Amino acid sequence: MDQDPIDPADAPANDAAPPPAAESRPDHPSLAAALSAHRIELEPAQVELLDRYRAALWRWNEQLNLTRHTTFDKFVGRDVRDSLELAKQLPQGARVLDLGSGGGVPGVIIAVCRPDLRVTLCESVGKKAKVLQSMIDELSLPTEVFAVRVEELLELRTFDVIVARAVAPMWKILYWLNPHWHAFDELLLIKGHSWVDERGEARHRGLLKKIDLRKIADYPMPGTPPGESVILRLVPKGAGNQDG
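Residue numbering for the sequence shown follows full-length UniProt numbering, beginning at 1 and increasing consecutively.
No wet-lab data here; the hints were simulated from the structure. Nothing here was measured: the structure is a model prediction, and the numbers come from that model. It cannot be assumed that every hint is accurate.
Straight-line distance between alpha carbons at most 25 angstroms, and here's what the computed BS3-like set of lysine-lysine pairs gives [stated by the list, open to error]:
hint: 1; residue 1: Lys237; residue 2: Lys210
hint: 2; residue 1: Lys237; residue 2: Lys209
hint: 3; residue 1: Lys237; residue 2: Lys88
hint: 4; residue 1: Lys88; residue 2: Lys74
hint: 5; residue 1: Lys237; residue 2: Lys215
hint: 6; residue 1: Lys88; residue 2: Lys215
Using the sequences and the hints given, assemble the complete structure.
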């Protein structure tokens, strides 16, 4: 997601999207088979809608760099798994903003699997935002897409929760969002094994002084060192639990 320019040499690497490990096992023959293998149960209508999204994502991926997860196993084991774990943390009927939606993970998957939520996608790269809108239209989802920087959107709209996955290091996300806590209640981040280092970097930059941070979930993520993802909850001090 394009935001304020910051010296690349000053930025830590984004741990949320590491190069995929080599995998020799054959792919599953269908989305339904992959869901079954990963022990994920969804309603038949959700599986059908998710498969239509998957097909559209892979089709558009031939023109734009939207995803590396172009097997059923990786799509389900990483994209769907992350999105569903995140969806578990979202309250009923919440207004949810997916920051830096890219190809639609996790926002589109959350919208498919949690129709009670009001999901909005924010993607500042114009070409990607147009693709997102095309996929949303194709799926007939009641989801808005904004081709703006998140700072601009937060001056116009308010949300209950902002979610982010594979967007940027923690410190950079806080750099964008800290001036705008009036427009949302909490931030949920999916991170990988280096989240503790990212927390340290954010502290070093003074970006956690007024923020409480807590790890609220962790779960296995095969194929990513050391094989675990975490969900972090960030809220203004006094509104949530102490730093964990």
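Against the structure, the hints:
Of the supplied pair hints, the one linking Lys237 and Lys210 holds, its CA atoms being roughly 5 angstroms apart against a limit of 25 angstroms. Only pairs whose Cα atoms come within 25 angstroms are accepted, and Lys237 paired with Lys209 is accepted, the gap being roughly 8 angstroms. Only pairs whose Cα atoms come within 25 angstroms are accepted, and Lys237 paired with Lys88 is accepted, the gap being roughly 23 angstroms. For the given pair, Lys88 sits about 20 angstroms from Lys74 by alpha-carbon distance, which is consistent with the 25 angstroms threshold.
Pair hint Lys237 plus Lys215 holds up; C-alpha atoms about 15 angstroms apart against a cutoff of 25 angstroms. At roughly 14 angstroms between alpha-carbon atoms, Lys88 and Lys215 fall within 25 angstroms of each other, so this suggested pair holds.
Hint compliance for this structure: no hint is broken.
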